[in-house]
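Residues per chain, in single letters:
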Amino acid sequence: MNKAIITVVGKDQVGIIAKVCTYLAESSINILDISQTIVSGYFNMMMVVDTAGAKKEFGSVSSDLENLGSEIGVIIKAQREDIFDMMHRI
Amino acid sequence: MINFSEVMETNAMIEKENLDVRTITLGISLLDCIDSNLAECCRKVYDKITRAAKQLVATGREIEGEFGIPIVNKRISITPAAIVGSACCKSTKDFVKLAETLDAAAKEVEVNFLGGYSALVSKGMTQADRLLMESIPEALAVTERVCSSVNLGSTRTGINMDAVRLMGSIVKQTAERTADKDSIGCAKLVVFCNAPDDNPFMAGAFHGVTETDAVINVGVSGPGVVKKALESARGKDFGTLCETIKRTAFKITRVGQLVAKEASKRLGVPYGIVDLSLAPTPAVGDSVAEILQEIGLEYPGAPGTTAALALLNDQVKKGGVMASSYVGGLSGAFIPVSEDQGMIDAVQAGCLTLEKLEAMTCVCSVGLDMIAIPGDISAATISGIIADEMAIGMINQKTTAVRVIPVIGKGVGQTASFGGLLGYAPIMPVNRFSCEAFVDRGGRIPAPIHSFKN
Numbered sequence: 396m397n398k399a400i401i402t403v404v405g406k407d408q409v410g411i412i413a414k415v416c417t418y419l420a421e422s423s424i425n426i427l428d429i430s431q432t433i434v435s436g437y438f439n440m441m442m443v444v445d446t447a448g449a450k451k452e453f454g455s456v457s458s459d460l461e462n463l464g465s466e467i468g469v470i471i472k473a474q475r476e477d478i479f480d481m482m483h484r485i
Numbered sequence: 023m024i025n026f027s028e029v030m031e032t033n034a035m036i037e038k039e040n041l042d043v044r045t046i047t048l049g050i051s052l053l054d055c056i057d058s059n060l061a062e063c064c065r066k067v068y069d070k071i072t073r074a075a076k077q078l079v080a081t082g083r084e085i086e087g088e089f090g091i092p093i094v095n096k097r098i099s100i101t102p103a104a105i106v107g108s109a110c111c112k113s114t115k116d117f118v119k120l121a122e123t124l125d126a127a128a129k130e131v132e133v134n135f136l137g138g139y140s141a142l143v144s145k146g147m148t149q150a151d152r153l154l155m156e157s158i159p160e161a162l163a164v165t166e167r168v169c170s171s172v173n174l175g176s177t178r179t180g181i182n183m184d185a186v187r188l189m190g191s192i193v194k195q196t197a198e199r200t201a202d203k204d205s206i207g208c209a210k211l212v213v214f215c216n217a218p219d220d221n222p223f224m225a226g227a228f229h230g231v232t233e234t235d236a237v238i239n240v241g242v243s244g245p246g247v248v249k250k251a252l253e254s255a256r257g258k259d260f261g262t263l264c265e266t267i268k269r270t271a272f273k274i275t276r277v278g279q280l281v282a283k284e285a286s287k288r289l290g291v292p293y294g295i296v297d298l299s300l301a302p303t304p305a306v307g308d309s310v311a312e313i314l315q316e317i318g319l320e321y322p323g324a325p326g327t328t329a330a331l332a333l334l335n336d337q338v339k340k341g342g343v344m345a346s347s348y349v350g351g352l353s354g355a356f357i358p359v360s361e362d363q364g365m366i367d368a369v370q371a372g373c374l375t376l377e378k379l380e381a382m383t384c385v386c387s388v389g390l391d392m393i394a395i396p397g398d399i400s401a402a403t404i405s406g407i408i409a410d411e412m413a414i415g416m417i418n419q420k421t422t423a424v425r426v427i428p429v430i431g432k433g434v435g436q437t438a439s440f441g442g443l444l445g446y447a448p449i450m451p452v453n454r455f456s457c458e459a460f461v462d463r464g465g466r467i468p469a470p471i472h473s474f475k476n
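Line by line, the protein sequences give chains A and B.
Heads up: the first sequence at position 73 corresponds to 468 in this note's numbering, and the numbers run straight through without jumps.
Heads up: the second sequence at position 349 corresponds to 371 in this note's numbering, and the numbers run straight through without jumps.
What the hints contain is simulated information worked out from the structure, not anything from laboratory work.
What you were told as hints is all true, and nothing was included just to trick you.
Calculated pairs, EDC-like style, for lysine to aspartate or glutamate (alpha carbon to alpha carbon, straight line, at most 20 Å):
1) K38/B - E461/A
2) K451/A - E86/B
3) K283/B - E476/A
4) K287/B - D480/A
Could you put together the complete structure from these sequences and hints?
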């Protein structure tokens, strides 16, 4: 397993999750967990995904998602889980 | 599993509070490049650096992309050039040729600085050491990315006052050779007492002779993150204050540890140390001075500043050593003037003086750093400033350094501008009473009594 965290932050609108999930499905990236909230009109989502079977290098997945984010008008980041694990777990 | 708020906290640190990895520095030993023929030595040096560091910048970018953490600088440190050139450099011109080779290699592999145009003369100078030191003004004027450092003393050996006298004049000459650019050459030149072998930060980085062939050292930063965390401790007691700094330093250092391990794995080079320094930049919100203000000072320089800096430096170290198995380099809080907007403001408000900065260097991680002084200050006075700082390091068994910039043609009230990460600095007044007879004595200051621990 190769876990990564995808975060989406921005103004809420129709189809954000759909677009992100479509991209992930097309890239053979499995979603393990999704949590999402809307705080005063702002969309906040975090996904835990497994990139072990991904068709692309992690670097290009990350930049594809960033581009997808700017098309939709939200900020999308994909980061390896290790950075959060290192910082918040001993 | 990692939760939402933890992810948001990390990303807020990166996006809003300027958390970054300040540098990945690849240390390269050039001992095997030593040759009695200058051209051959330069060829070996160029080949070794460009071969060893070929993937450094690309690997740094890869890690940035995958973990979402900016890695601001990718740099190289080398074996002190006075040793590398000792067999073939018979004049200052020969050493300048070596410096030009280093600059060309740095440009080829696209690193922004290469450190190690250095001499270690804490007890005595070899002929090669002296030639290298005398070549520094020319070398820093004709190269762009080469950084130079000289270790002038240590707790074990005392202070080499002949070298201190020489460096006062070298600093002045370096300023004169780059007078058209606000004496920027001096921003790439630092003198040390107790210089560490594994410091990844410029201008003082070099690859010590006790190190292996190649090694990855990582410098983390994040004064903005500490400042933000301390906002939650306003009005609370010192116990809470210290705990908050320590926890934050831990988190920051963990990121450095991760990046160091990844870079090491991908480059196939062992990882040396993480340097957990709070290194400010001129950007707003990336300032050590702002941390001192958050602790409760109107400006750095106010009474209480030395105590506040002492606790900050100590808590950063305590948090950091928990987070990484190998901590080294300078590790603590840097207090450069030109690279920290809050420090510049304190100088301009008349709160921070050179003398107070000197007191602060007794408890910070390095020393008098990036301080612009009037261009007409004499070489002897610069040597006097250096000697004071070396003495603080020697007696307190800590690293101290001096990187002052006598800005030729400018005086107090004016500003020197260096651009980029180096920032700008108001020119600070210097005590004008003479120390010439003291500096001219020559010889060595013996090692202090507490150096005899055998």
